[in-house]
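Undergrad: What follows is each chain in one-letter form.
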Amino acid sequence: GENVEQHPSTLSVQEGDSAVIKCTYSDSASNYFPWYKQELGKRPQLIIDIRSNVGEKKDQRIAVTLNKTAKHFSLHITETQPEDSAVYFCAASHSGGYNKLIFGAGTRLAVHP
Amino acid sequence: DTAVSQTPKYLVTQMGNDKSIKCEQNLGHDTMYWYKQDSKKFLKIMFSYNNKELIINETVPNRFSPKSPDKAHLNLHINSLELGDSAVYFCASSQGETGAFFGQGTRLTVV
Chain A
-17 GENVEQHPST
-7 LSVQEGDSAV
3 IKCTYSDSAS
13 NYFPWYKQEL
23 GKRPQLIIDI
33 RSNVGEKKDQ
43 RIAVTLNKTA
53 KHFSLHITET
63 QPEDSAVYFC
73 AASHSGGYNK
83 LIFGAGTRLA
93 VHP
Chain B
651 DTAVSQTPKY
661 LVTQMGNDKS
671 IKCEQNLGHD
681 TMYWYKQDSK
691 KFLKIMFSYN
701 NKELIINETV
711 PNRFSPKSPD
721 KAHLNLHINS
731 LELGDSAVYF
741 CASSQGETGA
751 FFGQGTRLTV
761 V
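Residue numbers (this note's numbering), protein chains in the order written: chain A, -17 to 95; chain B, 651 to 761.
Each hint should be verified, as a subset may be incorrect.
[Claimed, not checked] Derived BS3-like pairs (lysine-lysine); straight-line CA-CA distance at most 27 Å: (1) K53(A) to K694(B); (2) K717(B) to K691(B); (3) K4(A) to K686(B); (4) K82(A) to K721(B); (5) K40(A) to K82(A); (6) K686(B) to K672(B); (7) K669(B) to K82(A); (8) K4(A) to K694(B); (9) K24(A) to K39(A); (10) K672(B) to K82(A); (11) K24(A) to K672(B); (12) K82(A) to K690(B).
Keep in mind that the hints were calculated from the coordinates and are not lab data.
Turn these sequences into a full structure, and let the hints guide you.
TA: If you want it as structure tokens, here you go:
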């Protein structure tokens, strides 16, 4: 079955710096890759997603890139702000799996003022 | 209006008891899920229902029994609770090939 690895497990940056979180997946049939942000005590919230027919997607300060050949995808946050501090999860699924999302282990991002 | 709501938010119970968590979504989605988040924050799928039919059943003890009376509701019943069942349980829903929307979670503590 699918396995998703996520790195780093913790990331500490200064406000205004960029942050990059990387994930690799094992199932070449996976074609949908969402990213979730989970603040302390809250629900995971979808922040951006990408499908396998697209190499990059941007939404304001957030971007996601996908390399299908290498089976890895990354989340890029620019101009980080303290409110970006949270745990970020990558996930992968394929259309034949009714969106059975397999999550990475999470990255705890701390943005220091 | 809350899109995916689950109750209760907190549940503290003794070992051996039976408990239920309820979930409702008003997004009109066809697919609903239960995820378990352990103390290390790892999110793992337990069950998935599509239009009231069970389609994903991960390796979950049969003490856990999901029930979907209609496509807007997915409840989780747990028998004979054990200490290791303590976790946050998230209900979620999705439509087609989109990301899942999560409920606020139920923090279950078994003592």
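Undergrad: With the threshold set at 27 Å, check whether the alpha-carbon distance from K82(A) to K690(B) stays at or below it.
TA: Roughly 21 Å between the alpha carbons, so the hint for K82(A) and K690(B) holds.
Undergrad: Can you confirm whether the C-alpha distance between K24(A) and K39(A) stays at or below 27 Å?
TA: 26 Å, holds
Undergrad: Keeping to a limit of 27 Å between CA atoms, is the pair of K672(B) and K82(A) held or broken?
TA: Holds: K672(B) and K82(A) sit about 21 Å apart, inside 27 Å.
Undergrad: Under the criterion that the straight-line Cα-Cα distance not exceed 27 Å, is the pair K53(A), K694(B) satisfied?
TA: Given that 27 Å is the threshold and the Cα spacing comes to 21 Å, the pair holds.
Undergrad: Assess, step by step, whether the Cα of K4(A) is no farther than 27 Å from the Cα of K694(B), and give holds or violated.
TA: Holds, at roughly 19 Å.
Undergrad: Assess, step by step, whether the Cα of K4(A) is no farther than 27 Å from the Cα of K686(B), and give holds or violated.
TA: Answer holds: K4(A) to K686(B) is near 23 Å, not above 27 Å.
Undergrad: Run the distance test for K40(A) versus K82(A): straight-line Cα separation, threshold 27 Å.
TA: 24 Å, holds
Undergrad: Taking 27 Å as the top limit, are the C-alpha atoms of K717(B) and K691(B) close enough?
TA: 25 Å, holds
Undergrad: Can you confirm whether the C-alpha distance between K24(A) and K672(B) stays at or below 27 Å?
TA: Distance of about 18 Å is within 27 Å: holds.
Undergrad: Within a Cα-Cα threshold of 27 Å, do K669(B) and K82(A) meet the stated pairing?
TA: 26 Å, holds
Undergrad: For the pair supplied as a hint, K686(B) and K672(B), confirm whether the alpha-carbon distance does not exceed 27 Å.
TA: Since the Cα atoms of K686(B) and K672(B) sit roughly 14 Å apart, the hinted pair holds (cutoff 27 Å).
Undergrad: Between K82(A) and K721(B), does the CA-CA distance stay at or below 27 Å?
TA: Holds, because 17 Å separates the two Cα atoms, which is no more than 27 Å.
Violated hints for the displayed structure: none, as all numbered hints are satisfied.
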